[in-house]
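Peer 1: The residues making up each chain are set out below.
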Amino acid sequence: MEHIVIIGNGISGVTAARHIRKNSDHKITIVSAETKYFFSRTALMYVYMGHMKFEHTQPYENWFWEKNRISLKEGFVAKVNTDKKQLDFTNGETLSFDRLIIATGSKSNKFGWPGQDLEGTLGMYHKQDLEKLEKYAPDNKTCNRAVIVGGGLIGIELAEMLRSRKIPVTFLVREDSFWNGVLPAQESAMINEHIKEHHIDLRLSTNLKEIKSDENGRVKSIIIEETGEEIPCNVVGLTAGVTPNIDFLKESGIKLGRGVKVNRFLETNIPNIYAIGDCAEQHEAIGQRRNIEAVWYTGRMMGETLAQTICGNKTAYKPGHWFNSAKFLDIEYQTYGWVFSERGKQENEAYFQWQHPTDNKCITISFDKNTKKFLGINTFGIRMRHEVFDKWLTENKSVEYVLEFLADANFDPEFFKLHEAEIVAKFNQENNTNIQLKKKSWKRIFSI
Amino acid sequence: MKLIKQTGLITFLLGLTFFIGTIFTGSFNLTQPELDTFIKEKGYKSEIIKDELSKAIVTDEALNIFQFSSRVINAYETSNNHYDALIAKYDSEKNWDAKGKQFQYKISGKPHSISFELAKKSGKGFAADNTGWAWFLTFGLGIIGALMFIVPDIILLGKPGIKNDGIFLSAVTNRGWIGWFTFIFLVTFYILLYFYPDFIVNWVYLVDPISKSLSGNPSGQWFLYGFLYCTVMTVMAVRMYIKYRHNKYQILRTTSVLFFQIVFAFLIPEILVRFQMPWYDFKNAFPLDYDFFFRWNLEELLASGAFGLFILVWGVVLTIVVVPVMVYFFGKRWYCSWVCGCGGLAETLGDPYRQNSSKTLLSWRVERIVIHSVLVFVLVMTGFALYTFFTQESQVLGIKTQTIQDIYGFLIGAIFAGVIGTGFYPIFGNRVWCRFGCPLAAYLGFVQRFKSRFRITTNGGQCISCGNCSTYCEQGIDVRAYAQKGENIVRSSCVGCGICSAVCPRGVLKLENGPEEGRINPTEILLGNDVDLMDLMNKK
Chain B
0 MEHIVIIGNG ISGVTAARHI RKNSDHKITI VSAETKYFFS RTALMYVYMG
50 HMKFEHTQPY ENWFWEKNRI SLKEGFVAKV NTDKKQLDFT NGETLSFDRL
100 IIATGSKSNK FGWPGQDLEG TLGMYHKQDL EKLEKYAPDN KTCNRAVIVG
150 GGLIGIELAE MLRSRKIPVT FLVREDSFWN GVLPAQESAM INEHIKEHHI
200 DLRLSTNLKE IKSDENGRVK SIIIEETGEE IPCNVVGLTA GVTPNIDFLK
250 ESGIKLGRGV KVNRFLETNI PNIYAIGDCA EQHEAIGQRR NIEAVWYTGR
300 MMGETLAQTI CGNKTAYKPG HWFNSAKFLD IEYQTYGWVF SERGKQENEA
350 YFQWQHPTDN KCITISFDKN TKKFLGINTF GIRMRHEVFD KWLTENKSVE
400 YVLEFLADAN FDPEFFKLHE AEIVAKFNQE NNTNIQLKKK SWKRIFSI
Chain X
0 MKLIKQTGLI TFLLGLTFFI GTIFTGSFNL TQPELDTFIK EKGYKSEIIK
50 DELSKAIVTD EALNIFQFSS RVINAYETSN NHYDALIAKY DSEKNWDAKG
100 KQFQYKISGK PHSISFELAK KSGKGFAADN TGWAWFLTFG LGIIGALMFI
150 VPDIILLGKP GIKNDGIFLS AVTNRGWIGW FTFIFLVTFY ILLYFYPDFI
200 VNWVYLVDPI SKSLSGNPSG QWFLYGFLYC TVMTVMAVRM YIKYRHNKYQ
250 ILRTTSVLFF QIVFAFLIPE ILVRFQMPWY DFKNAFPLDY DFFFRWNLEE
300 LLASGAFGLF ILVWGVVLTI VVVPVMVYFF GKRWYCSWVC GCGGLAETLG
350 DPYRQNSSKT LLSWRVERIV IHSVLVFVLV MTGFALYTFF TQESQVLGIK
400 TQTIQDIYGF LIGAIFAGVI GTGFYPIFGN RVWCRFGCPL AAYLGFVQRF
450 KSRFRITTNG GQCISCGNCS TYCEQGIDVR AYAQKGENIV RSSCVGCGIC
500 SAVCPRGVLK LENGPEEGRI NPTEILLGND VDLMDLMNKK
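So the sequence lines, in the order shown, correspond to chains B and X.
Residue numbering for the first sequence is 0 to 447, as defined by numbering that gives the first Met the number 0.
Residue numbering for the second sequence is 0 to 539, as defined by numbering that gives the first Met the number 0.
Hints in this document: simulated from the structure, not taken from any laboratory.
Heads up, a few of these hints could be off.
[To be verified] Using 30 Å as the maximum straight-line C-alpha spacing, the simulated BS3-like pairs for lysine-lysine come out as follows:
id	chain 1	residue 1	chain 2	residue 2
1	X	K162	B	K396
2	X	K247	B	K326
3	B	K317	X	K484
4	B	K134	X	K158
5	B	K254	B	K208
6	B	K165	B	K21
7	B	K360	X	K162
Make a model of the complete structure from these sequences and hints.
Peer 2: Written out as structure tokens, the structure is:
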């Protein structure tokens, strides 16, 4: 029985702990300075919006940990002593380990903006960020306006949160269209419109120059780089991406890049020390993935994988087909396989796109121009079945096949309006094909 | 818009105040001829009751309902006590003949129900004499106010989509002081309705004209309840339509429960009465309809000729054929969320409170014990009732069938289904009855769990464990516990309301009637990892 210590109680660390417990009798300790119990970070926004209480974001009841013999330790790790196999905490305590899993996640990026550490600035990642938000922006009397810097998923979530309490929001986005480094132009444009419909003051192609302080060291306003315009505000959300949260490892001898360098087995350069989740950095990218993937799902998968290795079943991290999802205010987004934005489009990649004339629904299917191989799909406002696309990607189906059997892939609730016929008709028209849409078949769906 | 909303709230509260205030209005007393007619109709043999009632309520005094009720009950007690004393006396004298004769003079029935009957004949004042105006000031203002409060949400809620903003910040929906007041109001309402109907006789006057136009009879407390039920459901259905206007499943489901409540539970039975047929709700399946096999019901049905026989056959077929077959194809939701009246109220009036249902493991354990106990109780009771019916004996194994029926009616029919079932909405969530008490739900649940095509499908590995699904599950199912493992949700308690699917921000959940095979799918490794890993897992 070894003592496995996990730093970080996010989805990666907790998944690892749960699967280690499932498969072994090791002693497990999870260390966290953020909260005692695991909670779902992705749900923090709903606490502020009043959809849930904090306790609802905890997937396990508080007795779960003791019952499953997973010790929880609250504390902030100052240093990892790799020689003595010991953690040194900021309060002087120590904890020794046989194996260490680093799962410390990310922190919000700050790019050296003047005033970026003033009171009233915050990211939207940690529970403490939420507490800050409750302090500085409990309502639109205390916070007359908030400015959000950075046009990604967290930025738009923060905007949605603030709008739920009727706080005016100015949203500064560096790109000339929201998230267009990731999304095709059609989708990006639709989201731009949707953001504006929610009375969010969206400023595209706009950068932050500085954050100005009042006499008490609190945020007073921001200055826009391009125009020099000053926007008075009480809160500044800094949501221009995240970086691995690994400062405490600098003198540990663990090899670091932007994150903790790991091989395919999620091992660091030091034996028995591993890193998973947002803070892990692959030496070489896996397929078309980035070296660091700050994505909830990959964190979970790394936790599952590493638990196998630790329990004696040495397993490489081999994520399957890429998938992800998000929600932009009222528009749900799912993606399976690879759809690159126009900016990142591969040479062989072609789009087929469809958009609903009035509703916020659209899809982009990307396929190989030459071979017609299906590469990936983005859907907005239409839910799709994960298993089906996973199978189609594995079997290298053609784009024609995908369209023919598109009905199998729909995952919208019953009685919702289906659009497969319109989608296929548009494809036929654009590509001079004669694809006949097949009716949904349970047999095909379940022959996975 | 906000102004309309606020005006609406004030109007509603005004209507509610008038409604509550109505109880205390009016005066109650009878003239001697009226009393004589009543006693004659009732066929009382007691010689004392006439005097006692005359003394008590044939008066020029303007008695309010509480004085009236206590006087009437006193009169009955005095009369019954008198004969009880005689019975005791003859008993000690071993004068069996005389003792036996006394029993015919005793008056049976619930005191507050008799008091209600008398009050209904004798009331004067605001509600009884100006029914139209009184209806407008209570029901009318209430409905108008509520709609003014609800309808502006079309604009105020913003774009269509899930808008649960502020639910846990509001004193109404987060067990705050308004929630507790609502709880007290609802519990009090049910206690009055079930146990002190005479106290709310003024409310019954309000719906007299409606009752007369439907069934031809004056209204009783249960007509009032039926009318109120339909009104509340209709108004709150408007709220559902607005809140979930982007979600066709919710709109159709709401329309369906509303239709079945108004047409099947309210209009058809009342119209049947007009045609001198038995009052019967064709969708109310045994064992939720627990008195279906009671002697009085069977006798009434058998006495109603071919139509009564049809009802009898339909009731049996509904329970043993229609219910399991429908559950096999669609899950228990076809009943609980599309047809049932209890479900209908829970899904409309109760929707704002759905997040208050407990999701702990402990409550799940309690739930399974309690709901199955009620099912056993109702089955044993029905066994007793049928045995009694066919053998014409009044007891089984020394236990009186009537006693068992009374206990069930009081504990389950009134306290659980009514007082707790609806009264506790604001505190314990909107499906307290359906979740912990309903014997039909337990029966449907067995079929759903073991032999059905219904499940909630989890979409591969897309769950982010956010917890919206579990939070908004009215049945207290920890949906997330399954979804984050990539497992389908197959649980006997799921009523298929579809809200988990609606509130999921990642499109992970879908209510489906798929093939039975693969319906239950425990997963070791979630989708997303490479297949090799699954092979390794399988080899282990």
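Peer 1: Run every hint past the structure and note whether it holds.
Peer 2: Structure-based check of all given hints:
1. Of the supplied pair hints, the one linking X:K162 and B:K396 is violated, its CA atoms being roughly 39 Å apart against a limit of 30 Å.
2. This hinted pair checks out: X:K247 and B:K326 have alpha carbons roughly 20 Å apart, not beyond 30 Å.
3. Between the alpha carbons of B:K317 and X:K484 the distance comes to roughly 19 Å, so the proposed pair stays at or under 30 Å and holds.
4. Restraint check for B:K134 and X:K158: satisfied, since their Cα atoms lie roughly 28 Å apart, inside the 30 Å limit.
5. Taken as a hint, the B:K254 and B:K208 pair is broken in the structure, with Cα atoms around 34 Å apart against an allowance of 30 Å.
6. The suggested pairing of B:K165 with B:K21 is violated, with an alpha-carbon distance near 46 Å, which exceeds 30 Å.
7. As the CA atoms of B:K360 and X:K162 are separated by approximately 19 Å, the hinted pair is consistent with the 30 Å bound.
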